[in-house]
Amino acid sequence: MADITNQSLNEIIENVKTKKVSSTDLTKAYIKNIESAKKLNAFVTTTFDQALDKAKQFDNKPNFDQLLPGIPLAVKDLFCTENTKTTAGSNILNNFIPSYESTVTKNLWNNGSFLLGKLNCDEFAMGSSNETSHYGNVINPVGDQLVPGGSSGGSSSALAADLTPATIGTDTGGSIRQPASFTGTVGLKPTYGLCSRWGIVAFASSLDQAGPMTKTIKDCAIMLESMSGFDDKDSTSINKKKEQYSKNLKDNIKGLKIGIPKEYRVDNMPKEVDELWEKGKKILKDLGAQLIDISLPHTKYALPTYYIVAPAEASSNLARYDGVRYGYRSKQGKDLIEMYEKTRSEGFGDEVKRRILIGTYVLSSGYYDAYYLKAQKVRQLIKKDFDDSFTKIDAILTPSTPSSAFKIGEKTNDPVSMYLNDIFTVPVNLAGLPALSMPAGVDKQGYPLGLQLIGKALDEQKILNIGYAFEKNCGFKNEIKKWWS
Amino acid sequence: MSKEKFDYFIKGEKGKYEVVIGLEVHAQVLSKSKLFSGSSTKFGADPNNQVSLIDSAFPGMLPVINEECVKQAVRTGLGLNAKINNYSVFDRKNYFYADLPQGYQISQYKNPIVGEGKVLLDMPYGSKEIGIERLHLEQDAGKSIHDMDPSNTYVDLNRSGIALMEIVSKPDLRSPDEVNAYIKKLRSIMRYLGTCDGNMQEGSLRADVNVSVRKEGDKNFGTRCEIKNVNSIKFMQMAIEYEAARQVELIENGKAIDQETRLFDTKKNETRSMRSKEDAHDYRYFPDPDLLPLKLEQKLIDDLKKTLPELPDKKKERFIKEYGLNAYEANVLVSEKEISDYYEEVAKLSDKKLAATWMMGDLFAMLNDKGLDISKSPISAKHFAELVQSIKSGEISGRIAKEVFEIMLETGDNPKKIIESKGLKQQSDPKELEKMINEILTKNKDKVDQYKSGKEKLFGFFVGQVMKSSGGKANPQLTNEILKKLLKG
Numbered sequence: 000m001a002d003i004t005n006q007s008l009n010e011i012i013e014n015v016k017t018k019k020v021s022s023t024d025l026t027k028a029y030i031k032n033i034e035s036a037k038k039l040n041a042f043v044t045t046t047f048d049q050a051l052d053k054a055k056q057f058d059n060k061p062n063f064d065q066l067l068p069g070i071p072l073a074v075k076d077l078f079c080t081e082n083t084k085t086t087a088g089s090n091i092l093n094n095f096i097p098s099y100e101s102t103v104t105k106n107l108w109n110n111g112s113f114l115l116g117k118l119n120c121d122e123f124a125m126g127s128s129n130e131t132s133h134y135g136n137v138i139n140p141v142g143d144q145l146v147p148g149g150s151s152g153g154s155s156s157a158l159a160a161d162l163t164p165a166t167i168g169t170d171t172g173g174s175i176r177q178p179a180s181f182t183g184t185v186g187l188k189p190t191y192g193l194c195s196r197w198g199i200v201a202f203a204s205s206l207d208q209a210g211p212m213t214k215t216i217k218d219c220a221i222m223l224e225s226m227s228g229f230d231d232k233d234s235t236s237i238n239k240k241k242e243q244y245s246k247n248l249k250d251n252i253k254g255l256k257i258g259i260p261k262e263y264r265v266d267n268m269p270k271e272v273d274e275l276w277e278k279g280k281k282i283l284k285d286l287g288a289q290l291i292d293i294s295l296p297h298t299k300y301a302l303p304t305y306y307i308v309a310p311a312e313a314s315s316n317l318a319r320y321d322g323v324r325y326g327y328r329s330k331q332g333k334d335l336i337e338m339y340e341k342t343r344s345e346g347f348g349d350e351v352k353r354r355i356l357i358g359t360y361v362l363s364s365g366y367y368d369a370y371y372l373k374a375q376k377v378r379q380l381i382k383k384d385f386d387d388s389f390t391k392i393d394a395i396l397t398p399s400t401p402s403s404a405f406k407i408g409e410k411t412n413d414p415v416s417m418y419l420n421d422i423f424t425v426p427v428n429l430a431g432l433p434a435l436s437m438p439a440g441v442d443k444q445g446y447p448l449g450l451q452l453i454g455k456a457l458d459e460q461k462i463l464n465i466g467y468a469f470e471k472n473c474g475f476k477n478e479i480k481k482w483w484s
Numbered sequence: 000m001s002k003e004k005f006d007y008f009i010k011g012e013k014g015k016y017e018v019v020i021g022l023e024v025h026a027q028v029l030s031k032s033k034l035f036s037g038s039s040t041k042f043g044a045d046p047n048n049q050v051s052l053i054d055s056a057f058p059g060m061l062p063v064i065n066e067e068c069v070k071q072a073v074r075t076g077l078g079l080n081a082k083i084n085n086y087s088v089f090d091r092k093n094y095f096y097a098d099l100p101q102g103y104q105i106s107q108y109k110n111p112i113v114g115e116g117k118v119l120l121d122m123p124y125g126s127k128e129i130g131i132e133r134l135h136l137e138q139d140a141g142k143s144i145h146d147m148d149p150s151n152t153y154v155d156l157n158r159s160g161i162a163l164m165e166i167v168s169k170p171d172l173r174s175p176d177e178v179n180a181y182i183k184k185l186r187s188i189m190r191y192l193g194t195c196d197g198n199m200q201e202g203s204l205r206a207d208v209n210v211s212v213r214k215e216g217d218k219n220f221g222t223r224c225e226i227k228n229v230n231s232i233k234f235m236q237m238a239i240e241y242e243a244a245r246q247v248e249l250i251e252n253g254k255a256i257d258q259e260t261r262l263f264d265t266k267k268n269e270t271r272s273m274r275s276k277e278d279a280h281d282y283r284y285f286p287d288p289d290l291l292p293l294k295l296e297q298k299l300i301d302d303l304k305k306t307l308p309e310l311p312d313k314k315k316e317r318f319i320k321e322y323g324l325n326a327y328e329a330n331v332l333v334s335e336k337e338i339s340d341y342y343e344e345v346a347k348l349s350d351k352k353l354a355a356t357w358m359m360g361d362l363f364a365m366l367n368d369k370g371l372d373i374s375k376s377p378i379s380a381k382h383f384a385e386l387v388q389s390i391k392s393g394e395i396s397g398r399i400a401k402e403v404f405e406i407m408l409e410t411g412d413n414p415k416k417i418i419e420s421k422g423l424k425q426q427s428d429p430k431e432l433e434k435m436i437n438e439i440l441t442k443n444k445d446k447v448d449q450y451k452s453g454k455e456k457l458f459g460f461f462v463g464q465v466m467k468s469s470g471g472k473a474n475p476q477l478t479n480e481i482l483k484k485l486l487k488g
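Protein chains in written order, with numbering that gives the first Met the number 0: chain A, 0 to 484; chain B, 0 to 488.
Keep in mind the hints are simulated off the structure, nothing from the lab.
Keeping only pairs whose Cα atoms sit at most 30 Å apart, straight-line, the calculated DSBU-like set for lysine-lysine is:
#1 A:K333 / B:K142
#2 A:K246 / A:K461
#3 A:K281 / A:K455
#4 B:K92 / A:K373
#5 A:K341 / B:K142
To give an idea of the chain A side of the interface with chain B (calculated C-beta under 7 Å), a few residues:
#6 S315
#7 A318
#8 R319
#9 R324
#10 L335
#11 L362
#12 S363
Some chain A residues flagged as far from chain B (calculated, every beta-carbon gap over 10 Å):
#13 L51
#14 K253
#15 D292
#16 S329
#17 I407
All C-beta atoms in this analysis are idealised placements derived from N, C-alpha and C, irrespective of residue type, glycine included.
Chain B on its own, in the form it takes in the complex (with noise of 0.2 Å):
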């Protein structure tokens, strides 16, 4: 593959400026209870019905650790080649607000579970490495309601206590693009570890963004602003555009940049201030007395180690071995374990290679029109192997299998089926074939003369002719070489 050289920067009048970008993203674990509570953290239900004495902070109250959390966030640092604490510790994060009901957010502050660690970037321009400062883990905070009533703000508790990872990436970030792969890989990674669906419309991915501006070749960071709590890659990538721009007019006109938390108006595609620097939160953290220092045992760590899933850049490198597809190919087929699955069955069945191109054609052109994910696909992989197979060994033609596979999408049927109660087979019997062209010469006996006599173009009526009748089975390549034979004669 031809590679692109990296090309983002914000032209001012003065220079060109690179983008320096650094994500705090907050992804919630998937476990069946709150970090410290035994409450569900099924999504969608009714507001507060999902709220415990502790998540609703009464009198008394002590949170207990979940191991299910720990053991997830233990995976996710794994999967993200990070160093696993065996020591961290919980801190209270003290702030008011009326969804946070104990005045505090347990957090991790000095001593996280997970330290540092990276993650591998397929960018255009070569691969790229994005390290990962820490990972840790925190309780969410409630919802409050603004707009159900004109005079009070409604609290919902559901999510209060539900346990989110706050994942730190270094300022290694420098376009969009780098962002969106950034994303999206560690989403990839932590749906095949199954530690976060990573489903950003319900909030479980979430991040601010922290971006500054620097004059290409300058070795010191600029003042960063920090964006809080962007829940879409789309969102992030415009206020980073919006802020790169923002900071580099700043600068030319010789302003400076106040290093200060803005919020994404996604509106008026725009940031703007939220608090400044002198402003911040002194959020007093220490210790929570309530919780024991968190000792994991290296055995722990290492029997998790042991179970993780091979993981996408080892799957990728795997499909190009085994199953001789190039780089592009992989990469695509690896990005959803679901797909590397679905991609894996058929290839056990088929030609692999052949699989790959009419699963990244036909297959994910109609998932993409139905707006489904593969694991909804309304054709299994067992039936796209067949499918695939009738291609390769010339059953049917790559045309006639377009029709086959809406038919198996309306239908349900099995290819085989399909193709044999449709007669949609290709004739590929020589002798049939020879039967049924002489048949059309005769009839059209004048035609004949016509080309005998040097109008040549008639050749493709006659291929016409032979399809017509045939319904389309004909196999192509058969019916030019006895075509050609028997207009000869």
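Chain A on its own, in the form it takes in the complex (with noise of 0.2 Å):
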């Protein structure tokens, strides 16, 4: 058989249920692709030996009913697995096995899955490039100079390499959809409360949601169908009926109306950003949907909102890293708050402490409603934008990022153009509403280029739906050559 990871996840499903390739056999591919991939540093923690008994026991009694039968996956480091090592990227955890599973990854494990390793992210989910990992920053399969996007970087490094036949990521303010767009793969942040916070290290609570990060657009339906559900764990988590979004992916849109927002065409966006852009809005419009020209007034202001409630709510989150309960201490320190210092100021990077300090100054008294008051209310006009819109379109199309993937370094050291390349992700996360990052085409360098699918909250059926549409009329492929093996 020629070489299985190169398929999608739904290809590998039919050849593990047809018995063409059994669940030890597809391991081992995997395992063997990790190891001659280390340059990429998109792992943090393998678990080969557990995932080849979980595959054994698989083959032994397979159930090939399950959403995902006998599937070896690897998911970013910032979800808790129960007895294995999880960092979130930072030095303060490099110790800490949590004694739990989060209910994302359990409700994988629940579908036939199994955990074949943790992959590298930017610290904490802070950054754009996994370039604040405590454990390195992880190289783009797509080229060695190359970020492979952040914060879910070893995710979509480990996806576009074949080191997983599919992942998942977390996304706070694009930290799916931005690395899917750097590796020309998909990714989903679905509707803020489709799946459950439950044991997924937080950054900012009220934006932090679970997604799947896939080759394809029916792979992507099949790992949303599998991760997503109520979890009574979690009081923010949608209380509805669990939809089979891969049984219900049609590729028939005719007569939907996909917005096009005036305000997405930035200053100095790259020429082939927005050729993109068009071509896309060519495709659905072939394919019968209506485009309407629409106002999303607000957005301009998602940026600073974004920056100002996701460090708020950050600072208060990391909080409990303060080395008395469990991760790293620090050996010095005289007393209580010396040893806090201490423990705070070796075992967080940089960006993380950015973000701290960020986000303890605008909650400080004398400055709360100057900043956080006044972004949470811009917060609900940056909503009521959307809901505005979402009354008379089905969706929205935007380009993913405002350029292809960036070199290693390039902007390390100018956090807001760092900050910048979340400009069309951001919004999102404020409004709580599913978007879709789909592979659409290549820069003039080779590098592929992503298009974002904006929906109403809850409507992750009809967003997929267009994107399965697209991808079959959109002719991309991701050309990555394996260079690092």
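Both chains come to you apart, so use the hints to assemble them.
See below:
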């Protein structure tokens, strides 16, 4: 059999079901790939022995009715995994082994899959290039000088390099969609509350959402179906009936109204991104969709709003990492306060410290009204922009990112230019909506570029359908040479 | 009842000062599990045995509100005649401490679950209304133990995450006595409601005390100091007295009072500065994004209202009307739900007024002596009622009743059985008594003669002889009548 690892998840599942490949052979193939791809630095932890055990168990007693029968999966190291080290890309959790399994990963395992390893990410998911990880930066398989995007950079890199058949990431301001765009893969941020946050190391609670990262739209539907669902352990989880996204996937989008927001044409955006957007519009139009110009007037405030709300929540969420109960504790410090100071100084990296400082500042008495409260008001306006638009349209089409993957080190000394990378993805998190990034083309250097489809709350099926139709007609193929092995 | 006049002022050299007090009471909610986790709230478990991953703030753990705690807060609010807010918000109060695992306490800041209410106090100078500012729900912290090891501090998280109700009064209290009455009233209401056990030794009820002073007649409040975390009424009263005197002295010496947080040192009986206003924590309150705003349907509130028990103020009115008690008696008998229940059971079966007198006398003295709550009384309400009824019917005298009471205490027997088996029944048959008295008079002929010749003091001697020979059971009134009759003849 040809190399199974460059197939889509859906194809692999078919091959397992028809016994063309065993779970054990599948797992071995991925282990081989992972071992020859150390240069990419996509993994923080591998769980090969455990994965081979699970594969063997599956092969001895296969259940082909499951959504993910015998499928090995690597996941972002932000999901707590029982008895497997979970670092969140941080030194402060470098020795942390949870005694519990996050709801989302548990859902995946309950659907027949098992853990292959934990994927590198920006520290506490704070970053857009996977350069803030304590475990070193991750390299984009597209080119050895390129970042894989962030914060789910290990996930996008591993997926594009065939180190896992599909994966999951978390998206607080674009951390799934931007790396998907940078690696020519599919990434979906679901509606806030569709996937449980229980057991995911928190960054910004009102924005964090787990989602799938896959090679195809169909794979994305399968993964979303496997990982989502109501969880009474998460007070913000939405209690609704589970949907069968993969079964209900349709490529007929005739008559759907697609909104094109004028505010997403930003200054200094490369011509290629604009051209790609035009190409996307044409494809959808040719498929019978109707394009409608819309305005989301508060879009320009999204980035500053996000960089107040997210750090504010993070500054509080990260207060628990104090060295008292688990994780890293500095050996120095004469008293409690000094122990805190040393532990957190040595345990956190620069970007995390920067955001804790910003967050602490915007919540401080005297500044709260001017920053945090105002940001919350603007957030409501941003949400209202979307609500108003969605009364006349079915989905919104935008570029995923203002550029293709940039070079390692290119933006590390300029946090604002780094933050600008999230300009198209951030409004969606503030509004709690679902959005999909799908590969749509390449720039003149041959680096992938993605387009984003934004849906109404809980309208995942519709954006998946549009993506499915688009994918069939776009003709994009991810040509990655395995230069690392 | 004669009404006294309110008279609690601090006398300085330059005049009289009124003391203004407001309390923030922290009452532990009676609930099986914690405010946001399923861990048990039982008191006295081994350290760190009632701690979930949520209470110890492990990565990715999320709070889920405990519905029962919300209901308990609503019940308490209703018991305080307060406005229940259909919309309230949980906020994070951020600060670092070793026994605060999350690095923040989940509390309610701008939108508490309960708004303004009031509590009535019975003071010797009349009834007084104390305003309630608000009641909100919050998590308790863990406990730091500094004295187990010379160089380390230990942390016990059993308490971490237990639900507290913070009940904030308006600055309406004016004396340590009023504080005493207020705390007792709050405690009584919450115990009636079953929302807090009010056990101060176990820390279920603690208070921060705000104290300021002002010249008698002044309209404006003085600068206040907050005395943190005082855990007994006695200490609250001592702290207030000390603090008020300290503030008056400062004013009289022309010095300013700093708004600050102070600690009460129970060993030295003094308050001392903990931190000044400038050093006050910036708690960076903001709405907890892990929790949705708490929305209460009016129906839930109405339903809870329907199931509330009769509360002390109402019960007191009823006791006065229904049982003919005076205000003092009624007040004492409604102070604890268990006492009022006991009384009502006794009153149903016996004389209502006599029951109150005997309960507040011998029964309370005995319970006090043994350090027992009425729920643990060795004498059941039914037996006690029988005893009261035996006195009322004249079956036994008050003196014998005390004897029977002692035997009941020892044996647990019912009073009828004791009276019969010990033959304690009062001798009230005139014929039998006359026969006995005749025998005594015959035996003491000489004394009879002396009496008749004018030595009337001897009457007492004859009564004594009758009592002696009847073993104290002769009906005293009847004995007198018969003796007089026979000695005349």
